[in-house]
Amino acid sequence: GAVVSQHPSWVICKSGTSVKIECRSLDFQATTMFWYRQFPKQSLMLMATSNEGSKATYEQGVEKDKFLINHASLTLSTLTVTSAHPEDSSFYICSARVQPGTDTQYFGPGTRLTVL
Amino acid sequence: KNEVEQSPQNLTAQEGEFITINCSYSVGISALHWLQQHPGGGIVSLFMLSSGKKKHGRLIATINIQEKHSSLHITASHPRDSAVYICAVGIRGSNYQLIWGAGTKLIIKP
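Quick mapping for you: the protein sequence lines, in order, are chains W and A.
Residue numbering for the first sequence follows the numbering used here, beginning at 1 and increasing consecutively.
Residue numbering for the second sequence follows the numbering used here, beginning at 1 and increasing consecutively.
Same shape as in the complex, but just chain W:
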């Protein structure tokens, strides 16, 4: 099946710094990528939908100035957590939709962010 990678797989940073997480589709082009956040023992929460070449669509309650999403190419979307705080510590997962008009999504392995 299609492969989606995320980098880094885990990161520890100090409060106030910014962290960039990359999501790549390795063997297919993804016009749409989704970014999710998961708190311990909870279900995934959709943060934003990222379409190549256009601005991301953020879910209600997600600060777009704090969670910057860039989808510069058909194989790469980035999530930057700006001025990170301990409450931003979470597991961040991306998924990529294979083709427009389909439900097929492939998930990245996730990035665990810990903000000290």
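Please keep in mind that the hints were generated in silico from the structure rather than gathered at the bench.
The hints are all genuine.
Some chain A residues judged to face chain W by a derived CB distance under 10 Å, without partners named: (1) 31; (2) 33; (3) 41; (4) 48; (5) 98; (6) 99; (7) 100; (8) 103.
Remember, predicted model here, so these are calculated numbers, not experimental data.
From the three backbone atoms N, C-alpha and C, an ideal C-beta is built for every residue, glycine too.
Fit chain A to the supplied structure of chain W, relying on the hints for placement.
Relative to the frame of chain W, chain A by itself:
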């Protein structure tokens, strides 16, 4: 009431047992996904289905659109099947965003 309900929340079974995890939903869907999440977090897509039944190895997924219900079965369960199994539905007309169930934590004891 959540739009996607999974049962049971937790399931512990002995190796070799037949496992069933259920998912009910209350909205019109375009497709239903079954996913597996191991400790450490990575998510693997197991099935995507919109009708009928699919089988992959020891895993079987069924869906009944009229009853808005899906089941995931594991035959001859093995300790390596221990994981959280998540049901997620794509809402019809929603740009294919997913609504997630809370997950079922499965533990298979040797």
